[in-house]
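> Okay, here's what each chain looks like letter by letter:
Protein chains: 2
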Amino acid sequence: MIFALGIDLGGTDIKGAIVSSDGEILRQDRVATEASNGADAVADRIVSLATDLLDSQGASPTEATGLGIGVPGVTRADGTVVLAPNLDWHHVPFKSKLQQRLPGMRVEIDNDANLAALAEARAGIGAGCDTLVLLTLGTGIGGGVVIDGSIHHGASHSAGEVGHMTVLPGGPLCGCGKRGCLEALSATSGMLDHARQSLEAGEKSTLSDVGPLTPKAICDAAHKGDRVATKTIDHVTNYIGIAVANLLNVLSPDVVAIGGGISAAGDLLLNPIVASARTHTLEGLFESTTIGLAELGNDAGSIGGAYLVL
Amino acid sequence: MIFALGIDLGGTDIKGAIVSSDGEILRQDRVATEASNGADAVADRIVSLATDLLDSQGASPTEATGLGIGVPGVTRADGTVVLAPNLDWHHVPFKSKLQQRLPGMRVEIDNDANLAALAEARAGIGAGCDTLVLLTLGTGIGGGVVIDGSIHHGASHSAGEVGHMTVLPGGPLCGCGKRGCLEALSATSGMLDHARQSLEAGEKSTLSDVGPLTPKAICDAAHKGDRVATKTIDHVTNYIGIAVANLLNVLSPDVVAIGGGISAAGDLLLNPIVASARTHTLEGLFESTTIGLAELGNDAGSIGGAYLVL
Chain A
1 MIFALGIDLG GTDIKGAIVS SDGEILRQDR VATEASNGAD AVADRIVSLA TDLLDSQGAS
61 PTEATGLGIG VPGVTRADGT VVLAPNLDWH HVPFKSKLQQ RLPGMRVEID NDANLAALAE
121 ARAGIGAGCD TLVLLTLGTG IGGGVVIDGS IHHGASHSAG EVGHMTVLPG GPLCGCGKRG
181 CLEALSATSG MLDHARQSLE AGEKSTLSDV GPLTPKAICD AAHKGDRVAT KTIDHVTNYI
241 GIAVANLLNV LSPDVVAIGG GISAAGDLLL NPIVASARTH TLEGLFESTT IGLAELGNDA
301 GSIGGAYLVL
Chain B
1 MIFALGIDLG GTDIKGAIVS SDGEILRQDR VATEASNGAD AVADRIVSLA TDLLDSQGAS
61 PTEATGLGIG VPGVTRADGT VVLAPNLDWH HVPFKSKLQQ RLPGMRVEID NDANLAALAE
121 ARAGIGAGCD TLVLLTLGTG IGGGVVIDGS IHHGASHSAG EVGHMTVLPG GPLCGCGKRG
181 CLEALSATSG MLDHARQSLE AGEKSTLSDV GPLTPKAICD AAHKGDRVAT KTIDHVTNYI
241 GIAVANLLNV LSPDVVAIGG GISAAGDLLL NPIVASARTH TLEGLFESTT IGLAELGNDA
301 GSIGGAYLVL
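Read top to bottom, the protein sequences are chains A and B.
The working numbering applies: residue 1 is where the first sequence begins, and numbers increase by one.
The working numbering applies: residue 1 is where the second sequence begins, and numbers increase by one.
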């Protein structure tokens, strides 16, 4: 059987999996990242996790086609992690650290959102498709672009910044310093800001009675027909739909996948996103693309890592 | 020497060229399209033009690697022209018409803006690059996307509709029926509308004294410092820059090429487009892309046609 090791390196946990060539997880485990001990210690923990997974599967390292790792940050083609804020890493040659520890094994490294996109294109909602764009909705909006079955890195090696498309010129300030980015309007803080403004304007809402305002509280209230919550969902999804439409107009992908924590709200978000995308896409281009929820959830990173080397 | 035939089929003229494998035009000629005589007559005229070009070059049909044609409309992968308004064609199986007339020769067909993008990526401003996006500014805004050296068609076979990216939600109505498309804001009519509104609001301008308002008149007046003309250029280029920035954020292409009739104004348009793109692109992604004027002008279509089969 052909299989590979996929590693999803996060700020808190390292998730590892043995993944078959058809994207099935044969075995998985996780260990704490302990990033404060430095990149060499993290590399040691990854190697130990990988070795344990192989042992428990009764496999030797030479049987795996390789090991692919997703990191939460900016990577370069040479395997350097340029910046990973959650790990406090700056210009860490992480691929070479792992190669030193795993002689003879193929090691590849990429951004975690890129790997999630690759996983969705190969084994998730887009299984077997050519072109897929993933948007992950959460505290930020990340994403990845897969074209002709491979991650599209572009000239900067950092393509796929769908959250920083300008969707409202002169709009709210984004954490990146620009105005009107999709992330500023439709990620967690944009969603909360919109609801809060309505409440502060004195609009009646069940949201006034809940504890701290969260995306989940807003989605729950919208499910029950609360007007402020519904307006907030409409606002947020309108701009996501505009971004999706612009991707359709330019790339006409087979699939646009919507993932990330906020996407747990399911059809409540997906339906208005699709409606807005339809409104903003040139006639003839809309019907060719499937817009749907990402399917692999928290496993997407490790599955995508494995596909880097499968 | 390796060479191919490139044909640029327009509503008025058919341009043909013999193009070497390094993108040099060895010989070229044109004939009237006479579209009113129907698609079969147009096919006959293309074959006649191609044969004359080969004769004058002293070459036989078997020496060419093939014949590639750009058409001003929507094509399908099977070589059908789904819609070409300037030719009044609907669902014309044009590739097969040409194959019947040129037995043994490889024939390929594509949208003309896609071919211009391919030509710029292979032999123009992007010569030898992987990823290029072309925007053609004129009465409409068209474009094409080249990824990894090939035209990206996407699921609909109609990717590259950069003119219909939404750059101002709720903005002016576009000919396509949507609001706030780049084309509605920054193509000829959007440019003229903006200037006209300023004049009707009573703003002083040398444009009040010229004859019919045209993009050229506005560019000429802006060159001389006219305030209404300058504001109009700023407005138009701001939105082009936003569209370019969104392409950079998502695709991080090696090159963005600006072509089409309006681009004849050169740096007057290019500089503010680049400035706006810089403002709206995520840090770290801007510097990797060259944004510049397309280089192949009216030859881009036939050179791109040749590259389809080279």
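It cannot be assumed that every hint is accurate.
[Unchecked claim] Restricting the straight-line Cα-Cα distance to at most 30 Å, the calculated cross-link-like pairs of lysine-lysine (DSS-like) are: (1) K204(A) - K224(A); (2) K224(B) - K204(B); (3) K216(A) - K178(A); (4) K178(A) - K204(B); (5) K216(A) - K231(A); (6) K216(B) - K231(B); (7) K231(A) - K204(A); (8) K231(A) - K231(B); (9) K224(A) - K204(B).
The set of hints was computed from the structure by calculation and includes no laboratory data.
Values in this document were obtained by computation on a predicted structure and should not be read as measured data.
> Please go over all the hints and tell whether each is borne out by the structure.
Right, here's what the structure says about each hint:
1. Taking the CA atoms of K204(A) and K224(A), the gap is near 14 Å; set against the 30 Å cutoff, the hint holds.
2. The straight-line distance between the Cα atoms of K224(B) and K204(B) is roughly 14 Å, inside the 30 Å bound, and the hint therefore holds.
3. Proximity of K216(A) to K178(A) is assessed by CA-CA distance (about 27 Å); at most 30 Å being required, the pair is judged to hold.
4. For the given pair, K178(A) sits about 34 Å from K204(B) by alpha-carbon distance, which is inconsistent with the 30 Å threshold.
5. A C-alpha spacing of about 15 Å is found between K216(A) and K231(A), which places the hinted pair at or below 30 Å, so the restraint holds.
6. Of the supplied pair hints, the one linking K216(B) and K231(B) holds, its CA atoms being roughly 15 Å apart against a limit of 30 Å.
7. For the hint linking K231(A) to K204(A), the alpha-carbon distance of about 12 Å falls within 30 Å, and the restraint holds.
8. About 36 Å separates the Cα atoms of K231(A) and K231(B), which puts this hinted pair outside 30 Å; it is violated.
9. As the CA atoms of K224(A) and K204(B) are separated by approximately 56 Å, the hinted pair breaks the 30 Å bound.
Of the numbered hints listed earlier, those contradicted by the structure are 4, 8, 9.
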